[in-house]
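Chemist: Here the protein sequences come in this chain order: A and B.
Remember, this note's numbering sits 72 above the position in the first sequence when you count from 1.
Remember, this note's numbering sits 46 above the position in the second sequence when you count from 1.
Watch out, some of these pointers could steer you wrong.
As the list claims (entries may be wrong) - Heads up, simulated DSSO-like pairs for lysine-lysine below, C-alpha to C-alpha not over 27 angstroms straight-line:
| id | chain 1 | residue 1 | chain 2 | residue 2 |
| --- | --- | --- | --- | --- |
| 1 | A | Lys-143 | B | Lys-144 |
| 2 | B | Lys-152 | B | Lys-115 |
| 3 | A | Lys-129 | B | Lys-156 |
To be verified - Facing chain B, from chain A, some residues (calculated, C-beta under 7 angstroms):
| id | residue |
| --- | --- |
| 4 | Gln-113 |
| 5 | Gly-114 |
| 6 | Pro-115 |
| 7 | Phe-137 |
| 8 | Ala-172 |
| 9 | Glu-175 |
| 10 | Pro-180 |
Please keep in mind that the hints were generated in silico from the structure rather than gathered at the bench.
Beta carbons are placed, not taken as given, at the ideal position from N, Cα and C, and that holds for glycine.
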Amino acid sequence: DTGVSQNPRHKITKRGQNVTFRCDPISEHNRLYWYRQTLGQGPEFLTYFQNEAQLEKSRLLSDRFSAERPKGSFSTLEIQRTEQGDSAMYLCASQTGQGASYEQYFGPGTRLTVT
Amino acid sequence: AQSVAQPEDQVNVAEGNPLTVKCTYSVSGNPYLFWYVQYPNRGLQFLLKYITGDNLVKGSYGFEAEFNKSQTSFHLKKPSALVSDSALYFCAVNNFNKFYFGSGTKLNVKP
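Please build the complete structure, drawing on both the sequences and the hints.
Modeler: Rendered as structure tokens:
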């Protein structure tokens, strides 16, 4: 399968712990996006990269959240000092072109549960 | 501000009947509109998009969508529903390189 992959698929952590998620986009896609999805809602934009450059971050992304894409390939999303409100599905998507007309290809997501 | 509204949380339709899933949008500038489908335990899958041109757009699995600029709508349609079409459907608009998604509509197709 050459689609977008995300690891882990599920993560249960205790409040206050740090967690890191990984996304491997489709290899030739230079744009990578992170979203958060809660039950009954559509995905909400968090941040995106053009190659290794992080071009925009949502106001939803507090200082506890950080994302990297060091070599323009895979990306990581880290949440420090997790809170129960961080419980959600974290989705990664990639797209091949730079314009708004390109569709995105989504990974299966990482479901985070903070206890 | 950009936004997408899906007024129906759930749509029920019998297999073989036509289906419509509604979507309205608010965006500054030209809208780039998309439909995605989400099956349980799987990522969102792209169905179709409207960029410009013909208002009726055809996509995967027999789905189509009609863009109506005056009503700012982009409704998803299929002439004959299948049980396997049962899933969660999201409408989205891309504005300034960011996707804004609706809250989703659960489609139930009954045999």
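Chemist: Next, verify each hint and record whether it holds.
Modeler: Status of each hint after checking the structure:
1. A:Lys-143 - B:Lys-144: Satisfied, since the Cα-Cα distance of roughly 22 angstroms is no more than 27 angstroms.
2. B:Lys-152 - B:Lys-115: holds, 25 angstroms
3. A:Lys-129 - B:Lys-156: violated, 42 angstroms
4. Gln-113: With a closest approach of 5 angstroms, the Gln-113 of chain A hint holds.
5. Gly-114: holds, 3 angstroms
6. Pro-115: holds, 5 angstroms
7. Phe-137: violated, 17 angstroms
8. Ala-172: holds, 4 angstroms
9. Glu-175: holds, 4 angstroms
10. Pro-180: Hint holds; Pro-180 of chain A Cβ to chain B Cβ min 5 angstroms, cut 7 angstroms.
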